[in-house]
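Asker: If you follow the hints, you should be able to join the two separate chains into one complex; please do so.
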Amino acid sequence: AQSVTQLGSHVSVSEGALVLLRCNYSSSVPPYLFWYVQYPNQGLQLLLKYTTGATLVKGINGFEAEFKKSETSFHLTKPSAHMSDAAEYFCAVSDRSNDYKLSFGAGTTVTVRA
Amino acid sequence: GAVVSQHPSRVICKSGTSVKIECRSLDFQATTMFWYRQFPKQSLMLMATSNEGSKATYEQGVEKDKFLINHASLTLSTLTVTSAHPEDSSFYICSARPSPTSDYEQYFGPGTRLTVT
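In the order they appear, the protein sequences are chains R and X. Going letter by letter, the first sequence gives residues 6 to 119 in our numbering. Going letter by letter, the second sequence gives residues 208 to 324 in our numbering.
If you're looking for bench data, these hints aren't it; they were derived computationally from the structure. For clarity, every value in this text was computed on a predicted model and none was experimentally measured. It is possible that part of the hints are untrue.
In the EDC-like style, the derived pairs of lysine to aspartate or glutamate whose C-alpha atoms are separated by at most 20 Å in a straight line are [unchecked claim]:
#, chain 1, residue 1, chain 2, residue 2
1, X, K221, X, D295
2, X, K262, R, D104
3, R, K106, X, E259
4, R, K54, X, E312
5, R, K106, X, E312
6, R, K54, R, E71
7, R, K63, X, E312
8, R, K54, R, D104
9, X, K227, X, D295
10, X, K273, X, E294
11, X, K248, R, E71
12, X, K248, X, D295
One chain only, chain X, in its complex shape (with noise of 0.2 Å):
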């Protein structure tokens, strides 16, 4: 159980355009969802929490206007990047949180490689 899907796994872009990423909770629903950044070699950055029907809060430094996220259902979180550019060239991993709330629990998607030309 406990598992967590991002489509696609891996995704080349054109400097410009935007690019959707989708994370969901296969097998249980989460009222909370949580978007990273890992660039090589480094170690996870968080960038936003996602609450299921309202708005996402962002970390300190992450363009919200650049980085959209919607958490439609509880079960589907999605990180859009707008106006992709090279720098935003990425490893993005979600997680998500059981709901009932269980404030330590997190599971992690795979990941999504983003790369922008």
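Same shape as in the complex, but just chain R (with noise of 0.2 Å):
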């Protein structure tokens, strides 16, 4: 079965500084991984996904991500943080082993401050 860990469940961030979420999954076999955002009362959105091919993946709003098979994680950046930014953030795996159904971290709470 396939599980993810988030480092961190809040991230307080200036505006225009890096904003770095981490993300380690475990994975019997190939994982597609995914970074969703959502706003308060919403539902998610997807920001970006690994499945194959480049390891280097951007996303939407500027976010981007590197699997990195040899270290089992798949970190969020985004190199200037904007004030609308400010939101809760999952990353998620999913493998053939288990349908590719979601499992989601506890999310990573992002603050930014003026």
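Answerer: Structure below.
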């Protein structure tokens, strides 16, 4: 079975600073990896995903993530935080062993300081 | 494209009553839909997988008689919370997997906030 660990339940950054959200996964077979963002009382919006191919994945709103198999990591970064980035972020994994059902991490709350 | 809607967005009901939540894929067909539950400040927990024309598959620990799922068409799945109690109060989110089968794609609805008084 697959699982996800998000390091840090809360991250606070200054506007314009680097955003780094950490995600480590466990999967016995090649994984698909995802980052989602959730604003209060809303559903999930896909930021980016890794399935196969290039390990550096670019997503929406300036976010990117790098799949590192040797480190079993899929950390999310954004070079310059914007106030609108304040939200909850979830890392998720799926693979064929579980019919590609998503397993989510606990989430990381991002606050952006002016 | 790939829009999923949920109705209602918010519902308040009295303890002991039943509540139905609809999940619709608006611009694509979905053989498979998923239902998640999210408690405040927590992650999403998969409750069940809904397959069109067949019985839903429930995750371990989810009461199938309490959370009735019907996936009657390729664009609609419903979740009925039967005999609701305050502990069923939660944020329920559905997602839909486009057909033909895309093994990793899921599009999420906006969620339904259920409050049981």
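Asker: Give a verdict on every hint.
Answerer: Going down the list of hints, with the structure as the test:
Pair hint X:K221 plus X:D295 holds up; C-alpha atoms about 11 Å apart against a cutoff of 20 Å. Proximity of X:K262 to R:D104 is assessed by CA-CA distance (about 16 Å); at most 20 Å being required, the pair is judged to hold. Taking the CA atoms of R:K106 and X:E259, the gap is about 16 Å. The hint holds against a cut of 20 Å. In summary, the hint linking R:K54 to X:E312 is supported, as the alpha carbons are separated by about 10 Å, within the 20 Å threshold.
A C-alpha spacing of about 10 Å is found between R:K106 and X:E312, which places the hinted pair at or below 20 Å, so the restraint holds. Distance hint between R:K54 and R:E71 is fulfilled; the C-alpha atoms sit about 10 Å from each other, no more than 20 Å. Between the alpha carbons of R:K63 and X:E312 the distance comes to roughly 17 Å, so the proposed pair stays at or under 20 Å and holds. Distance check on the hinted pair: R:K54 and R:D104 sit about 17 Å apart at the alpha-carbon level, within 20 Å; holds.
Distance check on the hinted pair: X:K227 and X:D295 sit about 13 Å apart at the alpha-carbon level, within 20 Å; holds. Taking the CA atoms of X:K273 and X:E294, the gap is near 12 Å; set against the 20 Å cutoff, the hint holds. This hinted pair does not check out: X:K248 and R:E71 have alpha carbons roughly 26 Å apart, beyond 20 Å. Between X:K248 and X:D295 the alpha-carbon distance is near 16 Å, which keeps this suggested pair within the 20 Å criterion.
In terms of the numbered hints stated before, the structure departs from hint 11 and from no other.
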